[in-house]
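Trainee: Listed here are the chains, written in short residue letters.
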Amino acid sequence: MIEVRKLIKRFGLKIVLRGLDFQVQPGEFVALLGPNGAGKTTFLRILASLSRPSMGEVKIAGYHLPSQASAVRRRLGVVSHLPLLYGDLTAEENLRFYGRMYGLPVLEQRVTEVLELVGLAARRRDLVRTFSRGMQQRLAIGRAVLHDPDVMLFDEPHTGLDQDASNMLDNVLREVAVMGRTVVMTSHDLARTADLASRFDVLSRGVIAASIQSSEIDPNHLLAFYRQAVQES
Amino acid sequence: MTEDVSQPLVATPKPAAGFLRAMLAVVWKDMAAELRSRELLSAMLVFALLVILIFNFALELDTKTRSTVTAGVLWVTFAFAGTLGLNRSMAMEKDRGCLDGLLLAPVDRSAIYFGKAIGNLIFMLIVEMIVLPVYSVLYNTNLFNPGLLLVILLGSIGYVAVGTLLSSMAVQTRTRDVLLPILLFPVVIPVFIAAVKASSGFLMGVEMAEIQPWLTLLVVYDVIFTAVAFMVFDYVVEE
Numbered sequence: 001m002i003e004v005r006k007l008i009k010r011f012g013l014k015i016v017l018r019g020l021d022f023q024v025q026p027g028e029f030v031a032l033l034g035p036n037g038a039g040k041t042t043f044l045r046i047l048a049s050l051s052r053p054s055m056g057e058v059k060i061a062g063y064h065l066p067s068q069a070s071a072v073r074r075r076l077g078v079v080s081h082l083p084l085l086y087g088d089l090t091a092e093e094n095l096r097f098y099g100r101m102y103g104l105p106v107l108e109q110r111v112t113e114v115l116e117l118v119g120l121a122a123r124r125r126d127l128v129r130t131f132s133r134g135m136q137q138r139l140a141i142g143r144a145v146l147h148d149p150d151v152m153l154f155d156e157p158h159t160g161l162d163q164d165a166s167n168m169l170d171n172v173l174r175e176v177a178v179m180g181r182t183v184v185m186t187s188h189d190l191a192r193t194a195d196l197a198s199r200f201d202v203l204s205r206g207v208i209a210a211s212i213q214s215s216e217i218d219p220n221h222l223l224a225f226y227r228q229a230v231q232e233s
Numbered sequence: 001m002t003e004d005v006s007q008p009l010v011a012t013p014k015p016a017a018g019f020l021r022a023m024l025a026v027v028w029k030d031m032a033a034e035l036r037s038r039e040l041l042s043a044m045l046v047f048a049l050l051v052i053l054i055f056n057f058a059l060e061l062d063t064k065t066r067s068t069v070t071a072g073v074l075w076v077t078f079a080f081a082g083t084l085g086l087n088r089s090m091a092m093e094k095d096r097g098c099l100d101g102l103l104l105a106p107v108d109r110s111a112i113y114f115g116k117a118i119g120n121l122i123f124m125l126i127v128e129m130i131v132l133p134v135y136s137v138l139y140n141t142n143l144f145n146p147g148l149l150l151v152i153l154l155g156s157i158g159y160v161a162v163g164t165l166l167s168s169m170a171v172q173t174r175t176r177d178v179l180l181p182i183l184l185f186p187v188v189i190p191v192f193i194a195a196v197k198a199s200s201g202f203l204m205g206v207e208m209a210e211i212q213p214w215l216t217l218l219v220v221y222d223v224i225f226t227a228v229a230f231m232v233f234d235y236v237v238e239e
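Sequence lines, in order, name chains A and B.
Using this note's numbering, the first residue of the first sequence is number 1, and each one after it goes up by one.
Using this note's numbering, the first residue of the second sequence is number 1, and each one after it goes up by one.
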């Protein structure tokens, strides 16, 4: 579903990604771990077609980036630590707006379905600026799944959430993953990713330093695996 | 070769219909958000009214001299208020990551540009339509001249066409509030010169033959810079 070969990303003289290789099979949930400044967000922004690769090949669902970016965007849902929502619009107005941008054919029905999925149907007519951070993040997931994408990218979705809101977000993430979507999620929170992901990749110094299936590792050893991968990179 | 994956919910629209739909969606979103917050319009309006008020007291002019400076005072007011609006309009997209949300949509990105530009133009025209009668009263000058209204429309289109493009560039920087006027004003000098000359011509009853070159310059500028923005917006907003 996702194929990345020899990806290099430079910002001026600074090289952030150094010939990164990365593959994800359909239906996999990959947790992308790594220290600050490792290039996780830059990598996700390239996958999301928000940033152009300096060199290398990026293919999502068989479409090349950046040349077939529009086809990729149609199959992609993105959630970042920012909600990407308009505070002065209501929850349903936000979804309706994004639905129009994606050209959804049966918009009202889909908006209702998504609001129920993220547990915000009762607050559909409330302004987003009155929502708590957790509710905004759930609506952000609703926005990202509105067009029923095959691939979901999550960039530190738990940032700024309290324990309850994080738990609620995890439930929504599980529901999203159960629907057979391919998911790539960056995170610092190893404990949370241990419960969600089917594979763990460690991104360090601009390359994938280590990768392991969740079935091959005891969740209690994940921290040791991560530390070793970062140290050896 | 393309992989065999299930079809997404999003249908591949006809390009023109998709472009128009996305553009109108952005305009609708800007109008709906502004109707609730009134943040942008009120800031532009208060600023514009303060500027003409300050000019009124600063320039203690006789009636004849007033008519000669009217065009200049008006366009300075529109330019300053317009910069405020352009900055705020794009900052609203950037602050909560909404610009990324727009860029993730599977539409031609120039539809986003045109949507934002039309929204900005509507806000600017609303402010101008309020400023004109206030100016008329304060300066005791009749500004309800069809020719002047045409110049204001053409000048505003040129200003907003360039301003929307440059504000989407400036908003990516930390110094966006300062950077926009520094980038914008040198580029829109032809619009200001042409707009002031044409406005002045209409207000002073100059013959159409003398005003025509300035109107032509405004139209040419509008067409060229709208076309340039259409071509480069995708590159401006992508990292």
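FYI, nobody ran anything at the bench for these hints, they're computed from the structure.
Source: prediction; values computed, not measured.
The beta carbon of each residue, even a glycine, is placed where N, CA and C say it ideally should be.
Treat the hints loosely; a few may be bogus.
Selected chain B positions facing chain A (in silico; Cβ < 8 Å) [as the list claims (entries may be wrong)]:
hint, residue
1, Phe19
2, Arg21
3, Ala22
4, Ala25
5, Ser37
6, Leu41
7, Arg66
8, Val69
9, Asp100
10, Gly101
11, Leu104
12, Ala105
13, Pro106
14, Glu238
Trainee: I'd like to know which numbered hints this structure contradicts. Please list them from smallest to largest.
Mentor: 1, 6, 7 and 8
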